[in-house]
Amino acid sequence: MNLYFILKGEKTEVLLYPKWINYIIPHYKQVFLEKDVIENNFYIFSGGGIPSIYNHTINAIKNINDNPVFDKLIVCLDGEDIGIEERLQEIKKHIENSKVVLNPKCKIEFVIQNICIETWFLGNRKIVKKVPEGLMLREFIAHYNVNTNDPEELKKI
Amino acid sequence: MKLLSIKFTNIEEEWKYEKIELFDLTLLVGVSGVGKTQILKSIHTLKEIAGGQSVNGIKWELEFQTLKGNKYLWLGEFETINSANELNPEFFIELGDLKEPKIISEQIFLNDKIIIDRNSEKFQFNGNEMPKLNSTESAIHILKEEHLIKDIYENFNLIILRDHTFKIVDLFDLNQYRIEKLKNQFKTFEEIKKSDLNTFHKLVLIYDVSKSAFEEIKSRFIEVFPQVENIRVAHNVINEHSNFDLETSLIQIKEKNVQKWIPHHKMSSGMFRTLLHTAEMYLWNEGTVILIDEFENGLGLNCIDVLTEDLIYENNKIQFIATSHHPYIINKIPYDYWKIVTRKGGIIKAFDAKDFDLGKSHHDRFMNLINHPFYKQGIS
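Line by line, the protein sequences are chains A and B. All letters in the first sequence, in the order written, are residues 248 to 404 by the working numbering. All letters in the second sequence, in the order written, are residues 1214 to 1593 by the working numbering.
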């Protein structure tokens, strides 16, 4: 099985996903060009943010159709302020409008982060200091304390 | 001239790059800090050395071809004078203490035949021993009047490092650029083109000297900015505040539905740059080598499109070496012209993107590239 990842972010996600995949399926090896995929490989394409990542997703579908060695296309996006459901509908609609259809051998999966990928990290109590030194962080904690509240419930300032 | 390849070491600053072969259009791409600008600056440094400057602690190998079709290889090295205190900026050193670095070795080959062979002991020119000559100046500068060297010296003047940061104010003419004086000096389009005036002055002059060339530049500019309906040059003499006549030349544009003409110093910087770029395409000498750092600076997408096209198609007699971070520009320029720059410590390397098989992909080539660790970890 081979996996094709589309990640919205260029910084956090590209560090996180390879480690995470390695933890869950250690026998999978990352390749850095689509053409190098053989078996039990994963390829990660990232960058551009929303909405350009939508077009990158269409290009990824075209790539998979041209070279049908991939079994799963996993598209990872941020819900941001419009939320999970709306983001999901937005990307699905974009794919539908493009009239590019993924070959049935490959399955598409969507991972929509509630707000953003960094929100997940805020749930890690080891990362977030109770009394941070930075003034800005103190202000943030005063606005919404992620130590005591669910980071995914965080609201805009 | 055409630069064919360059290898450069800065011993004093402890960095170097391996031999880089240059194309008619070379686009240097790579993450910030890999040394793209250093490559451009080092080429410009060689122009300064050919012009007689002494530069501390550098070593180079440059292959180039002049307009006459002669191929040269120029190798050289300056001694390294270590600063007594490296924290002292150079301008603190009193003039009396300033020691100009000497040339340790210099060689020039013309079509594989050695014409200059020089070190701290000897100086041979075309097989003849020369008397003791200025050891801090390049042979190109010392012998610039010699038939064999003149061609090289003149060709180095064709290298231009384009600086976007120049102030528009600098373009106001002082007396030395009085338009009548210039018109007497340069009477035809060809003379203006061949002159070493900057593009602004060339453009001001051709308004009077060659209407047809000005019209061509104008219509090309209006293609990019359709809101512009006319361009003109106006001269103005100011003598209110001083005893001197200060003559200024203004390039003005007239926009549709705007009553007043807009002078160049009040235009948007992108518009003004596009105007100069467009003019350059017509007014530059054959054989000009243009070094452009961050091509995209100050340009909106509407300008980038046209100016990038010009880079690729309009100028087979002009060589461009440019850097860019802008995916839109990079993707517009064919992959064959890209050089991917990476750096390990003080060693800079530039790889041909075409040797790097990305395979077929529907993603933009540049996006494919920036997803590759080779690009991402440009510095290690």
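These aren't lab readings, by the way, just hints derived from the structure by calculation. Heads up, a few of these hints could be off.
As the list claims (entries may be wrong) - Okay, derived cross-link-like pairs now, BS3-like style, lysine-lysine, Cα gap no bigger than 30 Å in a straight line:
#1 266/A <-> 1589/B
#2 258/A <-> 1357/B
#3 1567/B <-> 340/A
#4 309/A <-> 1260/B
#5 1545/B <-> 354/A
#6 1573/B <-> 340/A
#7 1479/B <-> 276/A
#8 1281/B <-> 1326/B
#9 309/A <-> 1573/B
#10 1545/B <-> 282/A
#11 1396/B <-> 1479/B
#12 1589/B <-> 309/A
#13 319/A <-> 1589/B
#14 346/A <-> 1545/B
#15 282/A <-> 1312/B
#16 339/A <-> 1326/B
#17 258/A <-> 1589/B
Claimed, not checked - Under 8 Å between C-beta atoms, here's a sample of chain A residues computed to sit facing chain B:
#18 278
#19 281
#20 301
#21 306
#22 310
#23 376
Think of the CB as a built atom: it goes at the ideal place given N, C-alpha and C, for glycine as much as any other residue.
Hint numbers contradicted by this structure
2, 3, 4, 5, 7, 15, 16, 18, 20 and 23
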